[in-house]
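Colleague: Single-letter residue listing:
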Amino acid sequence: MVDTLFIGLSLGSILLLVALGLTITYGAMGVINMAHGEMVMIGAYSTVLSGLYLGANFLVAIPIAFIVSGAIGWGIEWLLVRRLYGRLIDTLLATWGIAILLQQAVRLEFGLSFFGIHIDGLGPGLQNVDVPAFLRGTIPLLGTEINAFRSFIILVTAILTAATWFVMYRTSIGMQVRAVMRNRNMAAACGIDVKRVNALTFAYGSALAGVAGVMMSGFKTVFPDMGASMVVDGFMVVVVGGVGSLFGAVAASGILGEINGLVAAATNDILARAVVFGTVIVVIVLMPKGLFSFKGR
Amino acid sequence: MSLNRRSFLKSTALAGAGAIAAPGLMTRAALGADPIKVGVLFSQTGGLSIIEKSLADATLMAIAEINAKGGVAGRPIEPIIEDGASDPKTFNEKASKLVVRDRVPTVFGCYTSASRKAVLPVFEKRNNLLFYPTYYEGFECSKNVIYTGSAPNQQLSTFIPWIIKNLGKKKFFIVGSNYIYPREMAKVCKILIEANGAEWVADEYLELGHSEWGSMVNKIKSSGCDVVLSNVVGDSVVAFYREFKNQGLTHDVLPICASVTSEVEIAAMGAEYAAGSYTSFPYFQAIDSEANKAFVERYRAYVKDPKAVTHHAMESSYFQVYLFAQAAAKLGDKLTSNAIRDAVAGSEFDAPNGHVKIDPENLHTWLTPRIAQWQADGQGKIVDQLPAPIRPLPYSAYGETEANLFCTTAGLDSAKLKQ
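As given, the protein sequences belong to chains A and B, one line each in that order.
Using the numbering used here, the letters of the first sequence correspond one by one to residues 1 to 297.
Using the numbering used here, the letters of the second sequence correspond one by one to residues 1001 to 1419.
Bear in mind the hints are in silico, worked out from the structure with no lab data behind them.
Mixed in with the good hints, there may be bad ones.
Label pairs and their in silico Cβ distance ranges [what the hints assert, rightly or not]:
(1) A/Y85 - B/E1124: 54 to 62 Å
(2) B/A1068 - A/V60: 41 to 49 Å
(3) B/L1167 - A/M1: 29 to 37 Å
(4) B/D1034 - A/A105: 39 to 47 Å
(5) A/P132 - B/D1305: 25 to 33 Å
(6) A/A105 - B/A1415: 52 to 60 Å
Keep in mind that this is a model prediction, so the values were computed, not measured.
Idealized CB from N, CA, C, for every residue including glycine.
When you get a sec, could you build the whole thing from the sequences and use the hints?
Modeller: Right under this line is the structure:
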């Protein structure tokens, strides 16, 4: 039982890791960022490339991916997203386009493969990420052996969630973000530089996705399409938890992860996935704003 | 307006035709004879391009080699390359285009069963010919396909008895991706497991492309099995082997014995995760023969990647072009699909994996089953192989044996299937 619950917890932490950045960008900015999965992918490729060219360890890749994805996110906001605020469907399409561009950039090695130049670590193939030895085996817990790597993911997710909570609720920039989230125009009227807040939020959300990518690269497959399925899971959590609610995202990913884990243990993974989607539908039908949505004033 | 539209259509069609014909024009100029056009239909884009690109490369390499040696009876082979885009519907459209518009007598292509099933009606209706290089689930008997990958019996009929006898394993956990190939393979597995006096404890599936293995590996752990038989396909393989090790399972106690895991996936997951596990294929990069070593060298030079890996479906993509060329050389000018099929049936060739022969009855290929144990360097060490190629039996899951063939030149004997 402990190991089943642990797997549920682990599934939840992976969901949260991906959804954390989304819940901020979607909540604060009203931007459906379809390129969020590609930020995860870029984080994973940062791990591959920093390992290959800098000889960097898996753990060193975490800050590298944070910076790389954050910078790319900031660039996307500056180039495209800031021109589309308030146009929800347009942001969806535009960021989807960005997602495809990013995937192809990696697959075609930034176009260099047309000239017969090959960059190690890019291209259409599957990439290999070296995981430090202490994360490969198991650690004993409550009379059972649990997966060290999954425990590490849970730890990283907890740290990032705590850090995000701290930034959002205990710093002045966080207060500005929350003000923008509630009422953009009123926040602007009060002297908050909405553009700057938006750019920072988008960059931070992307950076979180980058860290998620490092974690994914250690136990999933790294290839250009890897982000596409994750963005769906991310939105699922955001929608169930309630848009813009950090606590909602934590609760929703925990609930969905445990449902997935328990149903998979009792029956099989395919049915578990169906049950998870069924739960999401029921939640949306009964509570269209999600489990924990704040009331607008 | 209509004139504009028409001239627009004409110019785009010309541009398209020019783009497609461009590589062919060069070879024609070089050899100065009327080229033999063939179709090459693999995914150049999309999720499956990871593998299919290598199949297309191997096909084009074989064509380039044949052309460099003077072509087929003085005529160069001109590949018309189409992109299936990892989508069965696109495969169907492109196959129609190659067969109907380009009138090629032969197409080399398809990797997944889904894409093969999608193009099959095109080849059967137009009585054309497809060379299909992938190991697949069997249960097919078409006059219009030459199957050069292994049939289920060529991967499993020696593998499962070997696991039971040499590894001393008795309880199988069968796991696969949720689609036709792993499900048909599981049927063959069960027949062989029971016939050899062992048992299977579970038969489980995960979605294709699924990469969350936590629950499944936990189930394997608590199932009491002593060997895992994996028909897991594609990028899921990487996540599976990693999770397996991360949950503390080891291949010396509970080995994964796979029908699909190849050099490509091993390189991606990191050799340490697979070291000690087994795979059954007719071809491994590690086959210790001059022919194979030279093949690996040539392939690496061709794709300009000194670390490129070779694998079973890729090697089949390569030698099937030679089988075609042999047949075409005999036929001279009468290159129809029917004539090519009749000439290929029963023909033989020395491929990198050894001697291969197309079965004259069912048009599948005689191949040599091999079992390899993956080593820490990412290569398979061949631990057992049959002395000679064995007959392909596409209906072994339904009781087909060498003495009782279901699929013959007369077509499928469906009365036998119903028994």
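Colleague: Determine which of the earlier numbered hints do not hold for this structure and return their numbers in increasing order.
Modeller: none
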